[in-house]
Structure formats: C-alpha cells, structure tokens
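Protein chains in written order, with my numbering: chain V, 1 to 276; chain W, 1 to 270.
Derived by calculation from the structure, the hints in this document are not laboratory data.
Any given hint might turn out to be false.
Listed below are several chain W residues computed to face chain V (Cβ distance under 8 Å; list not exhaustive) [to be verified]:
1. Gly32
2. Leu34
3. Ser40
4. Gly57
5. Thr58
6. Gly62
7. Val63
8. Leu194
9. Leu195
10. Gln210
11. Pro246
12. Leu248
13. Ala249
Far from chain W by the CB rule (all over 12 Å, computed), these chain V residues [as the list claims (entries may be wrong)]:
14. Val25
15. Asn63
16. Val64
17. Thr107
18. Val204
19. Asp213
Yeah, the Cβ is synthetic: ideal placement off N, Cα and C, and Gly gets one too.
Chain by chain, the residues run as shown.
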Amino acid sequence: MMSLVCEEATHLRADEPRHENSVRVLVPQTLVQTQRILLRWARDPTTALLALVLPICFLVTLNVVLGQQISQITGHSALYGTVPMNALAAAIHGSATGAIGLIGERTDGLLSRLWVLPVHRASGALSRIIAEVVRIVVTTLVILGVGVLLGFRFERGVLASLAWLVVPVIFGLAWASLITTVALYSAKTFLLEAVTLVHVLAVVFSTGFLPVDQYPRWIQPVVAHQPMSYAIETMRGLSVGGPVQSPMIATLLWAIGIAAACAMPMVFGYRRASMR
Amino acid sequence: MTAATPARSRPSTFAQWWVLTVRFIIPTLRNGELALTIASSVVFTAGLYIPLSHVMGTATKGVSSSYAQYIMPLIALQAVTFAAMSTAFRAATDSLQGLNRRFRSMPMAPLTPVAARISAAVYRCSVALAVALICGHVIGFRFYRGAEYITGFCVLVIVVGAVMSFGADLVGTGSRNPEAMTPLFILPPLIFGLLSVGVQPVRQFPHWIQPIVRNQPISQFVDAMRVLGGDTTPAAGAVTWSVMMPTLAWLSGLAVVLVPVSAIVLSKRQ
C-alpha cells in the first residue's frame, strides 16, 4: 500500500505530518462523513417520512387485525410482539435504503473519489455504521412512541428499557452488513425485491406476528429459531417480562454469525466498488 | 416538408413500444428478476396461508369450504401487486437518469415509455399469477365454475396489476427517488391486504373500522374474485352485477384519474 502523507488543517498540530491511517485522523474524518450521510437523509424527507409512517401504519393494522386474538391467546397485549417486530422491520428497510444510496455513490464515482484522497481507509465504512446506528435508534424511538400511545409499557425498569433499545441496533447492524454485501454484488432492482421478500417472510414467520403455537407444527422450529423471533423475544422479555438471557444469547449469536460471514466479502466488495 | 429534404423515416409507435418493452423484459431473464417474481408468489402463498390458516380458519368456516379457498384471491392480488410495484422503482430510475427527458426529445408519443413499462409489468404480473395459481392448487384452491369464469378471474387480476403498475409508474416518475420506493414496495399492499375481507370476514374486524374494510378497493376485488372462483358451499354467492359493479367502478375510476395525471407529470420539465 502506498503511504500517503497528509498535512491538513483539521488537526491541532498542523506542523506535524500524519499518516493517513493514523488513529488520530480516524475520529474527525469519520465524524465528517457520518454527518454527510445523516444530512443526506435529513434532506430527503420523502424517504424519511415513508420509512417512518409506513411501519407505524403497519403496526396499527396488525393491532386491528390480529391484536384481539393474540391477547386472548397469550394473556398480554399483542403490542409487546408487534412493536419490536415493526422496529426490526424498519431497521431492515433502513439498511436497504442505505445500501441503495451506497450503490448510487459507487455509480456516481464518489467512492473512488474518496479512495484517492488521503482519508483514513476505515472512516468510510465506519461512518456508514455509525449513521446506520443513528437511523435505527431514531426509527425505533418513533415506533416505540406510537406503541406507547397504543398502550405499550416498560415494566422492567430503566436498564431493561435501554437494553430494549439496543436490540434493534445489534439486529439492524447485522442485517445492514448482509444487505450491503448483497448490494455490492448484485443489481439494484434485484436487491430491492429480494430484501422485500425476505422481509415479508421474516415478519409473517416470526413470534411477533403470531404466538409460535399458532403455526402448523412442522414450521414451528423455523419460526422459533429465526433471528427476528429471537430479537422479538428478547425485547418482549425486556419490556413485559419473561426469559431474556437465552433469546439474548441467540440474538447475539445470529448477529455475530451474519456479520462474520459477511465481513470479508463486504470489505472486498467495498474496496472493489471504491477502486472502479 | 420540401422535396429537398429527404423524407424522414417515422418509426411506428408500435415498433417503439415493442423495443422499449423488450428492453425491460430481456434483462429479467438474465439478472434473476424472473426467479424473484416466481419466488414472490411462493412467498405470498406460504406467508399468508401457513400462519393464518389456523388463526383465521374458525372465523371463515361456513363462509368458505377451506381457508385456501378463502385466502386465494388475496394471495393472487398480493403477488400481482408486488410485480406491479417494482415498476415504481424502474420509473424512478429512468426518470433520475434523464432517460425520460431523452425520450421526450425524440420523435415518439409521450405515453410510449409508460406503455412499455406497463407492458413489462403485465408480463411480470402474468408470471406471478400463473405461479400463484399453481401454489394455490397445491394448498387446495380450486375453480368451481366454467372456463369463462376462470378467464374472468385471471383477466381481472391482470387488469388490477396493470392499473396498479400505472399508478406505481406515476409515483416513481414523479418522485424521481428510487431510494424512497423501498418501503412503498411492500407495506401499503400488506396493510390494504390485511385490512380487507381477503383475510377474514368483515364482522371479525373491530366495529369502527368495518366500513373502511368493507368498501376499500382490495375488499371489492377480493369479493369479485371469490364469486368468479366459486366454491362448494352455498355461501359462495353468484356472479351478479351488484358484486362486480364496485370492482369495475374502482378500476375505471382509477384509470380515469391516472391517465390525465400521468400525462401532466410526464410533460413536466424535469
């Protein structure tokens, strides 16, 4: 790798030349790029609005159609399953939007432009991860707000509520790595339709849609062990009460597994996209 | 035109439409989109029938001979809507890349590109419907009337798909924002689908929402498709003018609104 030397003014001691890959430059450069991505989202109100309003409509719909039956079966409000499910589904959609944006920037040449500049190699990917976290937290909070209006309550204290918020972030980041990897290797329309179908399957075969014993027996293992169900069960445990530890471990294992499987292809894909 | 200038060849509108349609269809054979269209019908069949058959089965007893018979119209509609919705994404991409603008500078009718996108959508809808009917047969759906009713069922679904793709095309062209199309793809069809008589009879819904459920277009389409499909139980009802009327009114109403609006959107300077 060529070692470029940069002398930019963003640093305290501009007289001392710094290597482009030093940790000192990583933080400010990541922040600048994060800010850029977040600003882009903020200036695209259609996308932001659709990404927030539609999951809320879906949440209300599910409550109208299935809410009563589920509360009769489980004994507690269906919201403890549907609110997490919609938060997680919104995270999936958000990452698809992010991935399409990334492909657009590859096509526009922005990625290769950044590649030839003396910026920290990790800052591009890192800024995307941070922006993704911000987005997931915002959408989760909005959906949670509507859930609270409908009757969702935290009954396990402040720490559990904060942990509840962290679950979609973990889940969403794992998904984002998967979707970004697919995006880097496939056509845009293919990506969009594939993500949509996976999203439908993940939603209707999850324990947030219906309690697991309402599914036919042969598919129950799939419903119980898919990543979204584990994340929903963790969040259910953290809000209304119930087992937390085992679904949490399973969620983490799924997330780590997905991220680990995608890490290398994603890095190579990103590099390839940058060097076009 | 004077005699000095050689007569310009005027390509026929039909040829232009055909070239543009093929432009949309050929790539689907190569890049996996056809496989996705087929997969989508399977996904909707499995995703609606497997989870809901138990929960909704008791509510629909007496109305329908089996839950497969009950849910099939909605499965077909969802599959076709999915195929139609991707038109929005293509239209937004075309619009963003300046392709529409380029088309307008060429000697072609303004609606030709739209017509081509919709023809491509009809092709995808037909594939989706065919696969959905096969999947429906597997879960136990059967047609109980003659061939003309089967044809009516299929034509109705395809027409719904065509009108939806027209609307989707308009949204995509107007927004010029492919990224915004992601959630539009799936959630509105699912919301309308779940809030319709396609999943359960109208009396199972909470009181306050029943008027909306009963009268929204998807419910009307489902009702029409249900009588066209027929059933063994007497509750199935006959194909009467009063059942088909709202569906035809919705479809022609949508077309009457969409055509002039799309003419305005497409003629706007981008």
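Each hint tested on the structure:
Among the interface hints, the one on glycine 32 (chain W) holds; its C-beta lies about 5 Å from the nearest C-beta in chain V, closer than the 8 Å criterion. Annotation: interface hint on leucine 34 (chain W) violated; nearest CB of chain V at approximately 11 Å, more than 8 Å. At a threshold of 8 Å, the smallest CB-CB gap from serine 40 (chain W) to chain V is about 6 Å, leaving the interface hint in force. Proximity of glycine 57 (chain W) to chain V is violated relative to the hint, the smallest CB-CB distance being about 10 Å (cut-off 8 Å).
Contact between threonine 58 (chain W) and chain V, as hinted, is not supported at the beta carbon level, the nearest pair being about 10 Å apart and thus beyond 8 Å. Nearest Cβ of chain V to the Cβ of glycine 62 (chain W): about 18 Å, over the 8 Å cut. The hint is violated. For valine 63 (chain W), the interface hint is violated, since its Cβ never comes within 8 Å of a Cβ in chain V; the closest pair sits about 17 Å apart. The beta carbon of leucine 194 (chain W) comes within 5 Å of a beta carbon in chain V, closer than 8 Å, and the hint placing it at the interface holds.
The interface hint given for leucine 195 (chain W) is met, as the beta carbon of that residue sits about 6 Å from the closest beta carbon of chain V, less than 8 Å. Residue-level restraint check for glutamine 210 (chain W) is violated (minimum Cβ-Cβ distance to chain V is 10 Å; threshold 8 Å). Hint on proline 246 (chain W) is violated. Least Cβ distance to chain V is approximately 22 Å, over the 8 Å limit. The interface hint given for leucine 248 (chain W) is violated, since its Cβ lies 27 Å from the closest Cβ of chain V, which is over the 8 Å cut-off.
The closest approach between the C-beta of alanine 249 (chain W) and any C-beta of chain V is roughly 25 Å, which is over the 8 Å cut-off, so the hint fails. No Cβ of chain W approaches the Cβ of valine 25 (chain V) within 12 Å, the least distance being about 30 Å, so the stated non-interface status holds. The beta carbon of asparagine 63 (chain V) is not kept farther than 12 Å from every beta carbon of chain W, the shortest such distance being approximately 9 Å. Look at valine 64 (chain V): its CB is around 6 Å from the nearest CB on chain W, not clear of 12 Å, so calling it non-interface is violated.
The claim that threonine 107 (chain V) is not at the interface with chain W is violated, since a C-beta of that chain comes within 12 Å of its own (minimum 10 Å). Remark: the non-interface label on valine 204 (chain V) conflicts with the geometry, its nearest Cβ contact in chain W lying 4 Å away (cut-off 12 Å). The Cβ of aspartate 213 (chain V) sits about 9 Å from the closest Cβ of chain W, inside the 12 Å cut-off, so the non-interface label is violated.
Violated hints, in rising order: 2, 4, 5, 6, 7, 10, 11, 12, 13, 15, 16, 17, 18 and 19; the structure is consistent with all others.
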